[in-house]
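Asks: Sequence:
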Amino acid sequence: MAQERTIVSYDQLESTWPVSGAVLVQGGSVYCVAGRSMFLDGGLHLLKLDAATGQLQFEEIMGDTLPGSDQALHTTARGLDMPVALPDILSSDGTRLYMRSQSIGLDGKRTSVLASGATDQGGEEAHLVCSSGYLDDTWFHRAYWVFGRGYGTGHNGWFRAGRFAPAGRMLVFDKDSVFGYGRKPNLYVWSSALEYQLYSAVRNVKPESIQRISAANRRQESKQGHVLTFDRKLYGTYPLAEISAIEFNWRKENPPVQTRAMALAGETLLVAGPRDVVDEEELFANHFDGQLTSKAAEQVAALKGQRGAMLLCVSAKEGKKLGEVKLDACPVFDGLAAAEGKLFIAMMDGSVVCCE
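In numbering that gives the first Met the number 0, the protein residues as written are 0 to 355.
For the record, the hints were derived by calculation from the structure and aren't laboratory data. Keep in mind that the hints are not guaranteed to be accurate.
[What the hints assert, rightly or not] Here are the simulated DSSO-like cross-link-like pairs (lysine-lysine), alpha carbons at most 27 Å apart as the crow flies:
id : residue 1 : residue 2
1  : LYS341    : LYS183
2  : LYS319    : LYS251
3  : LYS325    : LYS183
4  : LYS341    : LYS319
5  : LYS303    : LYS183
[To be verified] Restraint ranges, calculated between C-beta atoms of paired labels, are given here:
id : residue 1 : residue 2 : range
6  : GLY26     : ALA76     : 27 to 37 Å
7  : LYS294    : GLU241    : 32 to 42 Å
8  : THR5      : LYS320    : 21 to 31 Å
9  : GLY224    : ARG4      : 51 to 61 Å
On a predicted model such as this, the values are computed, not experimentally measured, just so you know. Virtual Cβ for every residue (Gly too), placed ideally from N, Cα, C.
Please take these sequences and the hints and turn them into a complete structure.
Replies: So, in structure tokens, the structure goes:
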């Protein structure tokens, strides 16, 4: 018998089985995941509904045991890397569903439940994935988006996926390329200071490139020791071909905007966010400098939406700046959408702006 159950979460009553963010509509059907964890309240419920009538087409329960087995899900962990157990907005490439790094068949059956690692990248199951979920807007330094299949975790692993697949705070892609705003390649270490680049990269990472960087990392760490995990300047002394498996089409370091939203419209890449005010490397080295701390306070105010923002138009092919527009408010995280020749921007002040 169906029951309506609620719990207190974030100081409010919520369903015990909430749907994360949005549903996926594909092929006349609606897919969604309800629940909070495979380890809580009977697990996650993956539902497929007829888009026109709402009729249930299937319901698959993803619990804390392996499909068709009594083996506990957590036994498939690899070191500190756990299999996916948390929900997220679903995505699809037309042949599979994806929930974080978990691949799911269109019949609702999980195709693999093994924990993914930093070098598990490329291939036909590469997709947009975030370790903390698509809805996480906190910019936690250990969380970022990857166009790939997996992540590493732990103090010596969380940054490594960005060495092997296109990664960043914000990513968009087409059939050939991934466009991103993310940390510079030498900062995929345990770095306290983060400086960024805007880039375009080949979408599919080659297995030989992953093998090349894996071997290079082993040589580097054998020579330098564990210090290489923490020393961004030392890691940056190596050539790009020895620290990144990514094949860049173009890179623009230190863009003037802290990109909080991004969209690809034909041959134009659109990025929006508050201005980048402070150099974090300089601030980290001189954190008691009055002028720099004032700039840091300005950066915080800008990120809170108190200083307006900027919209940049960039050539997707070359990375060349095509134009810019001053915005009176700051976009919400991932708040750009392009449709029918127009750009829609959802703002932190509650407004929606349409640009033609």
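Asks: Does each hint fit the structure? Answer for all of them.
Replies: Taking the hints in turn, this is what the structure says about them:
1. LYS341 - LYS183: Roughly 31 Å between the alpha carbons, so the hint for LYS341 and LYS183 is violated.
2. LYS319 - LYS251: 9 Å, holds
3. LYS325 - LYS183: 26 Å, holds
4. LYS341 - LYS319: 21 Å, holds
5. LYS303 - LYS183: 24 Å, holds
6. GLY26 - ALA76: 27 to 37 Å: Holds: the Cβ-Cβ distance is about 34 Å, inside 27 to 37 Å.
7. LYS294 - GLU241: 32 to 42 Å: 33 Å, holds
8. THR5 - LYS320: 21 to 31 Å: 50 Å, violated
9. GLY224 - ARG4: 51 to 61 Å: 53 Å, holds
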